[in-house]
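Kindly produce the complete structure, drawing on both the sequences and the hints.
Chains as they are written, first to last, in the numbering used here: chain G, 55 to 372; chain B, 55 to 372.
Rather than coming from a laboratory, the hints here were simulated on the basis of the structure. The hints are all genuine.
Remember, identical chains collapse to one label, so a pair may be satisfied in a single copy or spanning two.
Derived BS3-like pairs: lysine-lysine, alpha-carbon spacing no greater than 30 Å straight-line:
no., residue 1, residue 2
1, Lys62, Lys361
2, Lys76, Lys359
3, Lys83, Lys285
4, Lys361, Lys83
5, Lys63, Lys359
6, Lys362, Lys62
7, Lys63, Lys362
2 protein chains.
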Amino acid sequence: MSTLFLSKKDVRSLLNIADVIKAVEQAFKDWALGRAKMPSKAYLVLEQGDFRAMPGAIPGAAGMKWVSVHPQNQPLGLPTVMAIIVYNDPATGYPLAVMDATDITAYRTGAAAAIASKYLARKDSHTLGIVGAGRQSYTQLMAHGELFDLRQIKVFDRRAATVETFIKSFPAYSVRACSLEETVDSDIVCTVTPAREPFLRSEWIRPGTHINAIGADAEGKEELEPSLLKKAVVVVDDLRQAAAAGEINVPVRNRLFAVEEVYGTLGEVIVGKKLGRKDKQAITIFDSTGLAIEDIAVAKLIHDKAKKAGGYLSLDFV
Amino acid sequence: MSTLFLSKKDVRSLLNIADVIKAVEQAFKDWALGRAKMPSKAYLVLEQGDFRAMPGAIPGAAGMKWVSVHPQNQPLGLPTVMAIIVYNDPATGYPLAVMDATDITAYRTGAAAAIASKYLARKDSHTLGIVGAGRQSYTQLMAHGELFDLRQIKVFDRRAATVETFIKSFPAYSVRACSLEETVDSDIVCTVTPAREPFLRSEWIRPGTHINAIGADAEGKEELEPSLLKKAVVVVDDLRQAAAAGEINVPVRNRLFAVEEVYGTLGEVIVGKKLGRKDKQAITIFDSTGLAIEDIAVAKLIHDKAKKAGGYLSLDFV
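Here's what the structure looks like:
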């Protein structure tokens, strides 16, 4: 037996947003039906940054994402977030592949949000507003573009150059730089910032809007005014992770929002245990924290494709 | 920057028990002095086996061992236990190396036991008794051979062929197949079995003996009669891990032994916070569960050696 080694370049050549959306939707289903396993993340917190071990298994696949977050990396020319997945055969434990997971993380995050929009946004959604035009925002547009007929995309970021780069990257779409307030006046809004103070005001959001709250993925992070949560239908990817580190974590801690007010998980909506959007006027919010099973589902996809295509580096490793 | 990929063969060519002993002893020191970090292991439990994520950091090194345990692998020609370490730069998170960790695990376990013997066994120890002659026992002999003048080594295993293979592997030593009772009549005893029922009877152990209890590394595993713990000086590698999964886990659960009866950690003994052997007649026991920081210390050693030697596979991975 041998282990595949897939670099960033290899993984990028094998990633395709349509396939990722399918794989991630299936992972959410498996999770809701009790066919997936996902123990709590283990955090290694050091002086200059932290590391997270994210183990997970879905039917036929197991593995672990090991991801580092080092906020001071930029001047060194290194990404803030770097990730590796060890992908194993669940039946024997054999490490079938080791792969860069930086792009996998971005793709599965975009896919999860677009899947949430598919079930929670209005069917006639045609405008997409993206707040924060960094690395994780690109896959928001790619994934939503796959599932929706996007006629207008609005982007806001405090850094004008970042917005410009973003717009140039999508020549096939009608993307426009807007103010924050204009941007969130959209059918679907994705907030993708590292904010620790809520910036999205409740009064700006029209009835019928769906919001994907992507940014908050650690204790203390928060993008939306808590009053917005109160009047919305809130769906999470995982209740335990959302309460600990997602968009709802600060309001829950401050007793401005209760865990019991969460409507359900995305998996429950996908498998029909909970209904998706019922009311054209409702505001819906998807609180995305990022699940290990999303990563493992995409790792399986990449491994299987690489195996089938052949020509990738493979070694007798273990 | 690039990532080193070190296969089982590469790692084996770089492993040296004397260096491993030094690195592991330093890791225990760092742990006792609060200079190391080691969050709880994360367990992914599946039908055919389980996986453990073991993150850890020592000064200048960070990483994670991802280890699988699949008891039914033998008929498939695969090892029961397979492990990979992702070794990172703690300052940036960059994955400096990905390496097979199967041999690293065996070497660091042997080293930890020999270090415990160095501080807890009588200085005039010349006989070593090894119970269980499987994979993990080889490094017990190698590491003790490094630190002690071993004149006689006794081995017991229920499988005669396993004993024979073991003896043949050490032509430079005087190794003899013995009964269980004869084997544990030694200055230093290492128990290295997957037992779930205590087999080592208290009455067999002479005053002045030091025992390394290696086998128990999961809930329900136990090698020594609890009455032996009661009359011995018990030192653990880590109190939390030992109480949950080490030799003391079953007696603690059955209230036959209290966590408070543990004398101290090996790190405390090494740095002098606690004295080592004080009395020639005392029975001492080291309860080894295996620490992530031991793995990271050896990973650093291997990475640094490979880097210096050059010629190993290195890729622009992340």
